[in-house]
Amino acid sequence: MQQNNPVCTSIYTDINKSRIIISLCSLAALFLAVIADLAVGSANIGVQAILTALWAGPGAQTVNTVVLWDIRLPMTLTCIFVGGSLGVAGLQVQTITNNPLASPYTLGISAAASFGAAISITVGFAVAGYLWLGTSLLAFLLAMLVSMLIFFMGKLKGMSTTTLILTGIIMNFFFSALQQFLQYRASAEIAQVISSWTFGNLARSTWTSVAVNGVMLVFGSLLLLGWSWKLTALSAGEERAYSLGINVEKLRFGVFVISAFLIAEAVAFIGTVGFVGLVAPHCARLLLGEDQRYLLPLCACFGGLLMLLSSVVSKLMSVGSMLPVGIVTSIVGVPFLFVLLLRYKG
Amino acid sequence: MLQLSIENLQVKYGSQVIIDHVSARFNGGNMTAVIGKNGVGKTTLIKAIAKLVRRGGTVRLYDEKRNYSSQDIAYVPQMGNAAARLTVFEMVLLGLVKDLRWKVGEDQIQAVTDVLTRLNLLALSQKPFHQLSGGQKQLIFMAQSLVSHPRVLLLDEPTNALDLRHQLIVMDQARSYTKETGAITIFVVHDLMLASRYGDNMILLDDTQIKTQGPPQEVLRPDLLESVYHVKVDVEKNGRGYFNVTPIAPI
Amino acid sequence: MKKKLALILMCLLLVLSASACSNKGENAPPAGSNRQQSSAAITFSDLAGRRIELEFRPEKYIVANYIANFLMVGGAESLDQVVGMTFDGWEDTRFGEYTVFTQAFPRMLGGEGGITSIGGYHDDILNAELIVSLKPDIILMSNSQFTANNQSIAAFEAAGIKVVVLDYHAQKLENHSRSTEILGKLLGREKVAQEQIDAYVQAINDVKARIAALPAEKKQKKVYVELGNKGVGEYGNSYGNSMLWGGIINNLEAKNLAGNLQAGYAPLDKELVLTSDPDTIFIGGSIWSGDTKGDQMRMGFTVDENTAQARLKGFAQRPEWKNLTAVKNGEIYGIDHGSLRNMIDYTFTQYMAKVIYPDLFKDLDPEKTMNDYYAKYLPELKYTGTFMIKLK
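Protein chains in written order, with our numbering: chain A, 9 to 354; chain B, 14 to 264; chain C, -3 to 388.
Mixed in with the good hints, there may be bad ones.
[Claimed, not checked] Chain A is faced by these chain B residues, among others (derived, beta-carbon under 8 angstroms):
hint	residue
1	S18
2	L65
3	P90
4	A95
5	R98
6	T100
7	F102
8	E103
9	M104
10	V110
11	W115
12	Q121
13	I122
[Claimed, not checked] A few chain B positions that, by computed beta-carbon distances, are all more than 10 angstroms from chain A:
hint	residue
14	E20
15	S36
16	A37
17	G93
18	G108
19	K111
20	L145
21	Q180
22	L181
23	K224
24	Q226
25	E231
26	V248
27	E249
28	K250
Simulated from the structure, these hints should not be mistaken for lab results.
Just so we're clear, the structure is a prediction, and the values are computed from it rather than from any experiment.
Using N, Cα and C, we set each Cβ at its ideal position, and we do this for glycine too.
Turn these sequences into a full structure, and let the hints guide you.
So, in structure tokens, the structure goes:
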């Protein structure tokens, strides 16, 4: 065999080319989904009117512009960013727990967020006069508090996969119990608001949530992308990554912190949305393999895509009241999971 | 010529001393086998050389021109139940993980190609790693380490769980790399025959210390082996010049 | 690592402050709304403590809650001004009320020229887009809807829709009064509203005063209230002293068996009921789904008396209740759960007062008062039903 084998080189670059093509196609699909989500809604605005309203900008005071700029756009953008955050966080949680069945909720952070929201709803905590801001803030704070707890547990006992999973189980049970206690003691109306918060609902989107979700997703992703190769090595085997000179503990800590932020911001505004964080990474892996340079952005893309599809479905299925998107993602996600289970070769 | 010198190497886990006051010198182009009972610290020794565990003492790697660092020392673990879903090509590429940037360089791709060619595994480059046989996986692990052109190659029980054919292939590849590049290879084995066949030198570890080191005929002595392994043995050289160690009965 | 954390935190702060500013922008009044006016025509504080100012009386309403109270104050014609209400799940959760109201006011069923449904009973979340596209002037909602839809309030106000929060759920005299007063102001029916408030306040105060005058030994009656939605086999919820029926019992200075409840409401322990041996038992009824054994308590609109009595008998004949004082004396009563959260619920306070202190309230006829009330304020509502009964 020749030393200089152009065939081998070209195969590798071909693979990367096909990955780029898949990524571009996914982005295109995402773009189409955005259009679809903006076009669908109970106000029944025609495509022409939508374009006019988009062009008119947020200041104009017509029904269509209010619907588009104050209701639909925040919902669609939040949808993408939350889906993206959950996709990325899901991928990283699976990486650092070395468990392909892990999801962003495995760590117990979202249970803490729900509890934070429950407290806020019970006491009527408001920030700058806005109840929803208080709820989101408390949800976020409690999520971060629990993340710090897990962080210090990791410092104490070593940030191993076992520590993470076990701590996550404890946190999940603990905070679910606390939240149920709050519901038990509350009036029927408050209990209903608390329980409906746990169904992620895009109706809770605002431009604030768009900003926070968007900025944190971009930031978190950029930081993680800088570690792409190390993460790829980690997913190839912890022992081997370690012996290749990677500080696995430090890497896990860093990834954990970023994932915690992503999960907290994804859940804080619209509530918990299931399945996206579990399914998006698997779909991306099936198409692209394990190279995190491509896997990470595509997880974000697929997460956003899955959420957008669920949003469109929930809008089409709702007459009068809005079906929470958190319910639909589970319904949409289950067939995905079945297909994956069938294709998973041990 | 390349020289690796370890002096007073010590490793402790908590209060327990695993290896103590271990000193040795290794020359480039030579392979050294490390043998001893289970749990005596052979893996710890080579991990300490690779700076993968906390160690006391000094490790120096140098030749006439310059000094080298632990970056030039590569440790190859047992392939165990490694089941990465990456392709073989990407797995080997990970050997360069410290130097990989967003865009993979032409030279890096070339390095991977070279090492796969050298190991006759180029045909497997697109296959998913987890679908390989045990022997192939171990070779890929070695390729991962070789791709960065290490000056010291540390092999941790590379032939465990491999069939006869792959045992020889893996060790032959290690030897040819050592001889061709003048690198230093230290390998941990249980099989005393492999140890003496491929080892230009041997180190017998016992009770945190080096009991004996030297060429195989000086280390594979029945009295030494009996005192360390507590087994009565016969040592003989066969027609090809390879040492055979036959265990007779436990003492 | 720490640098990165600090960067993230800084970003978060930046973003929060940026959006806090942008939120104020969203709440700016719609352009052109500052038409020359001297002072606002209608001002009040709503039940979420928000200052509400309206230059003009609202013409188009969305009533997300308390449609019954709305109609009682506004009269049947006021429904013409309603373009949206919460409709989904109304039939399932409050069948009696649904049947009677949709029969009297078919516009509620939707369709051409009808009222659009903008949300439902399962979930407090309202359909923001639909609300905005209906172009109402004002939307009336409950406190929990205000909490659950908090993020959409800004969008509503940007679209020029006033958001007003009412509260009849707390079952407090003050909240009932203020909510009714607000409805009166909005609908230009201040006089009617004031009548209803006066009747309510006067009735409650009268009941309380008479009871207060009693010596302590006459206020020892033990009362057990249970919601009959779980049927005979399982005990339904009882209410603590600050909630719904429990609050009423407490106001009547009787001994609420559930007075020490930790939670706001919960089923009582069967043994507790037995050992407490109540003197009077009220079973709350309604038309619920899931009546698999056919023994839920039935009360309210469209329920005929025979059915109500039969169901009540089922509870009275609970085997473990054989020896209870209340059972032996036949002091078992049925009350309509759906009638709470309504200005009319003072008649139920009167009824329970009459039951607990029969000699003190001989002059009251709560059921007639209730029927007269409906006849006066919403005569278009033709109904049959059973609301207050004693076991025969």
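Hint by hint, here is what the structure shows:
1. S18: With a closest approach of 22 angstroms, the S18 (chain B) hint is violated.
2. L65: holds, 6 angstroms
3. P90: holds, 5 angstroms
4. A95: Hint holds; A95 (chain B) Cβ to chain A Cβ min 5 angstroms, cut 8 angstroms.
5. R98: For R98 (chain B), the interface hint holds, since the closest Cβ of chain A sits about 5 angstroms away, which is under 8 angstroms.
6. T100: holds, 7 angstroms
7. F102: holds, 6 angstroms
8. E103: Where the cut-off is 8 angstroms and the nearest Cβ of chain A is about 6 angstroms from E103 (chain B), the hint holds.
9. M104: For M104 (chain B), the interface hint holds, since the closest Cβ of chain A sits about 6 angstroms away, which is under 8 angstroms.
10. V110: holds, 5 angstroms
11. W115: holds, 7 angstroms
12. Q121: Since the shortest Cβ distance to chain A is 10 angstroms, the answer is violated.
13. I122: Status holds, d = 5 angstroms.
14. E20: holds, 23 angstroms
15. S36: holds, 24 angstroms
16. A37: holds, 21 angstroms
17. G93: Per Cβ check, G93 (chain B) is inside 10 angstroms of chain A; nearest 7 angstroms; violated.
18. G108: violated, 7 angstroms
19. K111: It is violated; K111 (chain B) is separated from chain A by about 6 angstroms at its closest Cβ, not greater than 10 angstroms.
20. L145: holds, 13 angstroms
21. Q180: Non-interface label stands for Q180 (chain B): nearest chain A Cβ at 21 angstroms, farther than 10 angstroms.
22. L181: holds, 21 angstroms
23. K224: holds, 27 angstroms
24. Q226: Given a closest Cβ separation of 25 angstroms, the condition holds.
25. E231: Check passes; 31 angstroms lies beyond 10 angstroms.
26. V248: Given a closest Cβ separation of 34 angstroms, the condition holds.
27. E249: With a cut-off of 10 angstroms, E249 (chain B) remains clear of chain A, as the shortest Cβ separation is near 37 angstroms.
28. K250: At about 36 angstroms from chain A, K250 (chain B) clears the 10 angstroms cut-off, so the statement holds.
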